[in-house]
Amino acid sequence: EADIYQTPRYLVIGTGKKITLECSQTMGHDKMYWYQQDPGMELHLIHYSYGVNSTEKGDLSSESTVSRIRTEHFPLTLESARPSHTSQYLCASSEWGHSYGYTFGSGTRLTVV
Amino acid sequence: DQQVKQNSPSLSVQEGRISILNCDYTNSMFDYFLWYKKYPAEGPTFLISISSIKDKNEDGRFTVFLNKSAKHLSLHIVPSQPGDSAVYFCAASANRDDKIIFGKGTRLHILP
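Going line by line, the protein sequences match chains A and B. For the first sequence, position 56 (counting from the first letter as 1) is numbered 1344 according to my numbering, and the numbering increases by one without interruption. For the second sequence, position 67 (counting from the first letter as 1) is numbered 73 according to my numbering, and the numbering increases by one without interruption.
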């Protein structure tokens, strides 16, 4: 079944640690996105990619980085986690001409203590 | 500055009645609008969309209305069911290949 997977679902980590949030999709979508959402707030685009070796920063400045070495894989990395990075991170993918919008993963809820 | 605004953080509606969720936007370049539904601990799921060339799109119990002159759209759910209790996000993009901008969401409670 075509889908988009995010791991881990929940992560509690200490300040200063390096973390990588995984996102993989099986739909062959060229376009992938990372959104950050705090409770009661809008989803903010922090990174996006329109294909392999293509990555761009989104509308919300983020200290995280991303890579797109394979079409299906779009990991997000924080080199040194801080409490301000505590949030929910949502990965999504879409086709060109997204008539049906994005397909989202279940998200990773990150807590930095 | 918010380009997509959902001014009601929450809404409670009796089961079987109509739920109306509202959304305003400021960017006149938006020409494609979407509604997403989100349950706790899950990612948002696409619900319904509308292009700016239309003023109404219907899919089963869900209807989206677009008023371009007022830069306003609304989602109608009728009849409302318990499973409709969720957070609903309004979203927009400048074209079908552009990034989607989301509002803050409205939490809908369907009361028994």
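By construction, these hints were calculated from the structure, which means they are not laboratory data. These figures come from a predicted structure and were not determined experimentally. Backbone N, C-alpha and C define an ideal beta-carbon position, used for all residues, glycine too. Hints may be right or wrong, so weigh each one.
[Unchecked claim] Here are the simulated lysine-lysine pairs, DSS-like style, with alpha carbons at most 25 Å apart:
| id | chain 1 | residue 1 | chain 2 | residue 2 |
| --- | --- | --- | --- | --- |
| 1 | A | Lys1319 | B | Lys105 |
| 2 | B | Lys105 | B | Lys74 |
| 3 | B | Lys62 | A | Lys1345 |
| 4 | B | Lys74 | B | Lys60 |
| 5 | B | Lys60 | B | Lys105 |
| 6 | A | Lys1345 | A | Lys1305 |
| 7 | B | Lys11 | A | Lys1345 |
| 8 | B | Lys62 | B | Lys110 |
| 9 | B | Lys60 | B | Lys77 |
| 10 | B | Lys77 | B | Lys11 |
| 11 | A | Lys1319 | B | Lys110 |
| 12 | B | Lys11 | B | Lys105 |
| 13 | B | Lys74 | A | Lys1345 |
| 14 | B | Lys77 | B | Lys62 |
[To be verified] Derived DEER-like restraints, expressed as beta-carbon distance ranges:
| id | chain 1 | residue 1 | chain 2 | residue 2 | range |
| --- | --- | --- | --- | --- | --- |
| 15 | A | Val1340 | B | Leu117 | 22 to 28 Å |
| 16 | B | Arg67 | A | Leu1299 | 35 to 41 Å |
| 17 | A | Thr1353 | B | Asp65 | 35 to 41 Å |
The hints, checked one at a time:
The suggested pairing of Lys1319 of chain A with Lys105 of chain B holds, with an alpha-carbon distance near 10 Å, which does not exceed 25 Å. With a C-alpha separation of about 20 Å, the suggested pair Lys105 of chain B and Lys74 of chain B falls inside the 25 Å cut-off, and the hint holds. In summary, the hint linking Lys62 of chain B to Lys1345 of chain A is not supported, as the alpha carbons are separated by about 34 Å, beyond the 25 Å threshold. For the proposed pair Lys74 of chain B and Lys60 of chain B, the alpha carbon gap of about 9 Å is at most 25 Å, so the pair holds.
Taking the CA atoms of Lys60 of chain B and Lys105 of chain B, the gap is about 21 Å. The hint holds against a cut of 25 Å. Restraint check for Lys1345 of chain A and Lys1305 of chain A: the C-alpha separation of about 22 Å stays at or below 25 Å, so the hint holds. Straight-line distance between C-alpha atoms of Lys11 of chain B and Lys1345 of chain A comes to about 23 Å, which keeps the hinted pair within the 25 Å bound. The suggested pairing of Lys62 of chain B with Lys110 of chain B holds, with an alpha-carbon distance near 23 Å, which does not exceed 25 Å.
For the suggested pair Lys60 of chain B and Lys77 of chain B, the alpha carbons sit about 13 Å apart, so the restraint of at most 25 Å is met. Annotation: proposed proximity of Lys77 of chain B to Lys11 of chain B holds, straight-line Cα distance about 10 Å (limit 25 Å). A threshold of 25 Å between alpha carbons decides the hint, and for Lys1319 of chain A with Lys110 of chain B the separation of about 23 Å falls inside it, so the pair holds. Only pairs whose Cα atoms come within 25 Å are accepted, and Lys11 of chain B paired with Lys105 of chain B is accepted, the gap being roughly 17 Å.
For the given pair, Lys74 of chain B sits about 30 Å from Lys1345 of chain A by alpha-carbon distance, which is inconsistent with the 25 Å threshold. Proximity of Lys77 of chain B to Lys62 of chain B is assessed by CA-CA distance (about 14 Å); at most 25 Å being required, the pair is judged to hold. The hinted range of 22 to 28 Å is not satisfied by Val1340 of chain A and Leu117 of chain B, whose Cβ atoms lie roughly 49 Å apart. The hint said 35 to 41 Å for the Cβ distance between Arg67 of chain B and Leu1299 of chain A, and at roughly 37 Å that hint holds.
A hinted range of 35 to 41 Å holds for the C-beta pair Thr1353 of chain A and Asp65 of chain B, which are about 39 Å apart.
Checked against the numbered hints above, the structure breaks hints 3, 13 and 15 and satisfies the rest.
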